[in-house]
Amino acid sequence: MSVLSVQHIRKVFKGGGFFGGGTDKVAVNDLSFDLVKGETLAIVGESGSGKSTTARLAMRLLDLDGGQVVWGGQDVTKLAGSALRKQRRQLQMVFQDPFASLNPKMKIVDTVGEGLRVHQPQLSKAERRAKVLETLQLCGLGEEALDRYPHQFSGGQRQRVGIARALIVEPDVLVLDEPVSALDVSVQAQILNLLKQLQADKGLAYLFISHDLSVVQHIANRVMVMFAGFVVEEGDIDDVFNHPKHPYTKALLDAKPISHPSQRQDDDGKQVDEGVAVEGCAFALRCPFAKDECKSFDMRMKDKVACLYPL
Amino acid sequence: MLEIRNLSLSIPVSGEHVLAVSDVSLSLQAGKVLALVGESGCGKSLTAQSLLRLGEFQGVAKETGDILLGGQSLFDISAEALRKIRGGVISMIFQEPMTALNPVFTIGSQILEVIHLHTDLGKVESHQRALALLADVGLQDGETLMKQYPDSLSGGMRQRILIAMAMAGEPEFIIADEPTTALDVSVQKRIIALLRGLQREKGMGMLLVTHDFGLVAEMADEVAVMYAGEIVEQASVTDIFDNPSHPYTQALMRCRPEFVQDGQLAVIPGNVPSPGDWAQGCRFAPRCSLATDECAAKSVALNAWQDGEHQARCIKVGV
Numbered sequence: 000m001s002v003l004s005v006q007h008i009r010k011v012f013k014g015g016g017f018f019g020g021g022t023d024k025v026a027v028n029d030l031s032f033d034l035v036k037g038e039t040l041a042i043v044g045e046s047g048s049g050k051s052t053t054a055r056l057a058m059r060l061l062d063l064d065g066g067q068v069v070w071g072g073q074d075v076t077k078l079a080g081s082a083l084r085k086q087r088r089q090l091q092m093v094f095q096d097p098f099a100s101l102n103p104k105m106k107i108v109d110t111v112g113e114g115l116r117v118h119q120p121q122l123s124k125a126e127r128r129a130k131v132l133e134t135l136q137l138c139g140l141g142e143e144a145l146d147r148y149p150h151q152f153s154g155g156q157r158q159r160v161g162i163a164r165a166l167i168v169e170p171d172v173l174v175l176d177e178p179v180s181a182l183d184v185s186v187q188a189q190i191l192n193l194l195k196q197l198q199a200d201k202g203l204a205y206l207f208i209s210h211d212l213s214v215v216q217h218i219a220n221r222v223m224v225m226f227a228g229f230v231v232e233e234g235d236i237d238d239v240f241n242h243p244k245h246p247y248t249k250a251l252l253d254a255k256p257i258s259h260p261s262q263r264q265d266d267d268g269k270q271v272d273e274g275v276a277v278e279g280c281a282f283a284l285r286c287p288f289a290k291d292e293c294k295s296f297d298m299r300m301k302d303k304v305a306c307l308y309p310l
Numbered sequence: 000m001l002e003i004r005n006l007s008l009s010i011p012v013s014g015e016h017v018l019a020v021s022d023v024s025l026s027l028q029a030g031k032v033l034a035l036v037g038e039s040g041c042g043k044s045l046t047a048q049s050l051l052r053l054g055e056f057q058g059v060a061k062e063t064g065d066i067l068l069g070g071q072s073l074f075d076i077s078a079e080a081l082r083k084i085r086g087g088v089i090s091m092i093f094q095e096p097m098t099a100l101n102p103v104f105t106i107g108s109q110i111l112e113v114i115h116l117h118t119d120l121g122k123v124e125s126h127q128r129a130l131a132l133l134a135d136v137g138l139q140d141g142e143t144l145m146k147q148y149p150d151s152l153s154g155g156m157r158q159r160i161l162i163a164m165a166m167a168g169e170p171e172f173i174i175a176d177e178p179t180t181a182l183d184v185s186v187q188k189r190i191i192a193l194l195r196g197l198q199r200e201k202g203m204g205m206l207l208v209t210h211d212f213g214l215v216a217e218m219a220d221e222v223a224v225m226y227a228g229e230i231v232e233q234a235s236v237t238d239i240f241d242n243p244s245h246p247y248t249q250a251l252m253r254c255r256p257e258f259v260q261d262g263q264l265a266v267i268p269g270n271v272p273s274p275g276d277w278a279q280g281c282r283f284a285p286r287c288s289l290a291t292d293e294c295a296a297k298s299v300a301l302n303a304w305q306d307g308e309h310q311a312r313c314i315k316v317g318v
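Residue numbers (numbering that gives the first Met the number 0), protein chains in the order written: chain P, 0 to 310; chain Z, 0 to 318.
If we strip away everything but chain Z, and leave its shape as in the complex, we get (with noise of 0.2 Å):
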């Protein structure tokens, strides 16, 4: 099990650490899809990177909290052992196939370098596997393409061969930051199927993140939804979609463009606020119709009910 605890991240903003998510707890199991739903700038990505330690690179750091793998903590392994996690037991899908492949090699010795990096293979044999990798992903003609450069495929054949990429390790754990919003519509449903796919044959925990509702249909098993650096609400798929609860939730429902009325899309008044720009109390309060002074009086705690199946952050829903 992959645990995300209570954790607090900060991000550099003109020299200053601003909050960006806040006590963020979230868990990802085997053989489950976890969707971390939200808007640009909600802290969703950041929440995601911080399974690999990703951001710091960036300059975010953990404020408080932890990320346990198997009861260890991510936070206190050597920088060998993280290594050797990322890709190996954790491993990633980028959101652009256009950038995530290096340019000036094959892609024949960009799948190898990963496979050498995670297994003991001889020539032989890594190249056998790199053929079965890209069959995995539905690319049968594997000799001729691994002679080929990334700039002479489509953008759904990259995104296959990123796919066959973090596959490469056996990952237990796989990261899939929006992984098909670069790609034609007609390509990201075959692309959402060989994930889902892949998911399950192989058993892998996933956290899917994304602010596509239609991708969430999908492939979630559980979704949280985040706004303002926080999970606002978490239930099974099928509960946020026939009872979501949150007002946040339900005006994201309902501004979808195939939920029409009277001519008009239903909108959220307002905008996404920027980490350092969170309201008082209940952080969505300002955009809220349904906010009274209460709301923005303290904040607001996860509540939860169905034994605990079904929570959101707001004192005016539950049971």
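Same shape as in the complex, but just chain P (with noise of 0.2 Å):
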């Protein structure tokens, strides 16, 4: 059974503009997906993909503007307030950036606890401290951590009090959004190693947000390849990876770093390719194989993948 469900969401920003004369902008588009316990769905995409928004409908942070979302069963979409808040034990969060998603004001053991004070409320000061505790080993933080504050201690320890914070509450899913791309390669392996260790003990699911593709292959088994606000491939992380159908898939793998200095090609950089088109395939300005059916092409997913000609 699916822990999170996510069916035809759809979310659109209101154009801004001093007079409200801009125009409105669909950030995601018919977006569905499925996951089950024990297994990592990633979202890849560029800035303004709409991967970021679709995590943050899935956690009901964002009012939908159409569509449904359903944890363990429960269909959540119109639930808010206190009823809503008594459902978020399933689903956590853990953000980019672990130097500002802690309050700095706050003990670890404070921070950390905060989630047991609203879903298991009956516990004593201490045995919330001995819970925190043990979740904080588990993270690979010692009882030293307990009363320090966030600016005593590093990026990559303050991204395991993030992971802390998030499983207190014992979730199914957690939603992880760009977790390790503000670390240092040295301690993102040790927060990636982390990660799949916990999936491992505990068969949480995750929803993981990235732009690194390494770090995707790395931790995913399915990936869904997000542009201008809609799905434009999904599938298991190796068949996509290995034969990609979308265009676009294909120039992110291109784009991929390379890891030796033999592997270089020459480009002078000078070509812009940046723009995304209103109407018909939101890829086809950038496509090296548009036609003009592309133009008026209706982007949706036909065998998982949303292109007239794919690859």
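Derived from the structure by calculation, the hints contain no laboratory data.
Take these hints with a grain of salt, some might be off.
Said to hold, decoys possible - From the structure, some residues in chain P lie toward chain Z, with a derived Cβ separation under 10 Å:
1. 44
2. 45
3. 95
4. 212
5. 250
Said to hold, decoys possible - Distance windows between CB atoms, simulated:
6. Z:261 <-> P:266: 45 to 53 Å
7. P:9 <-> Z:56: 42 to 50 Å
8. Z:261 <-> P:302: 28 to 36 Å
All C-beta atoms, glycine included, are put in the ideal place defined by N, C-alpha and C.
If you follow the hints, you should be able to join the two separate chains into one complex; please do so.
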């Protein structure tokens, strides 16, 4: 059974501007997925593709403009206030920036223990402290961390605190929004190993948002590739990465950093291709294979790819 | 040639001067890219900023050593001369294209400002020069672009504009501090190619500051690896990738996600020490799998082999 199910969700950001004259932006368009226990689904795409908005919609941190969100079999689309808060135990979030996402004035024991006050209010202070310690240890931190403040920790340690804070209420799903992109490589590896270990031990499901394809390839089972609010391709991680069907997926993979100087290619970098088409296939402006028909293509997935002429 | 000689820098930490860069020597040659690699807190950005004496605004102080531009020390020239060097001889490309541009001025006025600072061109020529600079970084529709404000542009476009501005004074040396970290993968590759292309075309010497070995593989000719305020290894880019010698360089290479073994990523235990918390003897020894008592005994000098082409600060390696 799926621990998180998202069906046909949609989000439109109203056009801004002082006179309200801006155009509406469809941030997420008709997106669906199911996440089961123990698996990792990655969402990749560039900034503005809608991947973080998708995470926030799944978390019910943003209001939906259409579609349905189901946590552990329960429809939470319409829930609000305390009814929603009670359900929040099931889904917890780990944020990108371990420097900005922890309250600098709160001791670690209070930050990590905060979720328990809501979800297990019957616990005494001592019991709460014991539970916090147990969770911190699970995340590779020791007793000395309890009474410290965030500024006394390195980036990697803070991200461990962020994971502990999410884990303490024993969720089924962790939504991880770029959890390692602010970290140094050596620390990134520690955190990725920790996440894999926790998943193996607890059967957690991860919704993993990232722009780093090497990281995604290492941690995910399945992947959704987003472009301009649309899912352009999805599938098993190895299938998609080894045999991309959408030209955008291929472009993303081709842009992966090289791992040895001998792989350098000649390119003067003067060609700028960053536009998004307003009508038809959103990627058509940048697509080396685009034809006239693409300008009127309605971007829907067929056989797990949203392209008229898949590769 | 732009040369850093035995430079040590201190930073203010709760009222005291704490050593953050110690005894660093590097030289930038025309037409070559030197990558300065390391994790956050290793002192690489401080070292790079010292080339323009920028850190001094935040209380960074030179303890010992010197920086020489064509033999002339940057520490005993007038404020006026230093201003001419900034942007005119040595230019900098910053990490954050979102904050490095002023949101309330048009792109045009920001580029023209830099042109006026470094040239005596008249109004019409300056405008032509601005268009040429934009075309150089791949932005063809310069006229329209110059009337726009930064917030209507993507991160990649803004980074191109910052690069164009850095080129305005026709510098001989360029310092690029993590020039692509804030950009999307697909855009990163293009910006890297653009930087590399311009650097070659104009024969500039470049100092590339980064923690990303992908970027190093794409751009560098020579690589210096920093750890805890000092250079621990220096070699040509192929040598660094093929024969990394210092245990820290080796460990950094291994923990990249593309090098997975048995489903686990290699890690370096512990954390990068802050300035002031450096170990006695070899500073990497507390995290090093090869470390013995001997390593902690006394500080380690850089030892060189291959006619001095490859250097590492480790008593366990070398020929």
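Taking the hints in turn, this is what the structure says about them:
1. 44: Because about 8 Å separates residue 44 of chain P from the closest Cβ in chain Z, which is inside the 10 Å limit, the hint holds.
2. 45: 4 Å, holds
3. 95: Violated. Min distance 13 Å.
4. 212: 7 Å, holds
5. 250: 6 Å, holds
6. Z:261 <-> P:266: 45 to 53 Å: 36 Å, violated
7. P:9 <-> Z:56: 42 to 50 Å: Roughly 48 Å apart at Cβ, these two residues keep to the hinted range, so it holds.
8. Z:261 <-> P:302: 28 to 36 Å: 34 Å, holds
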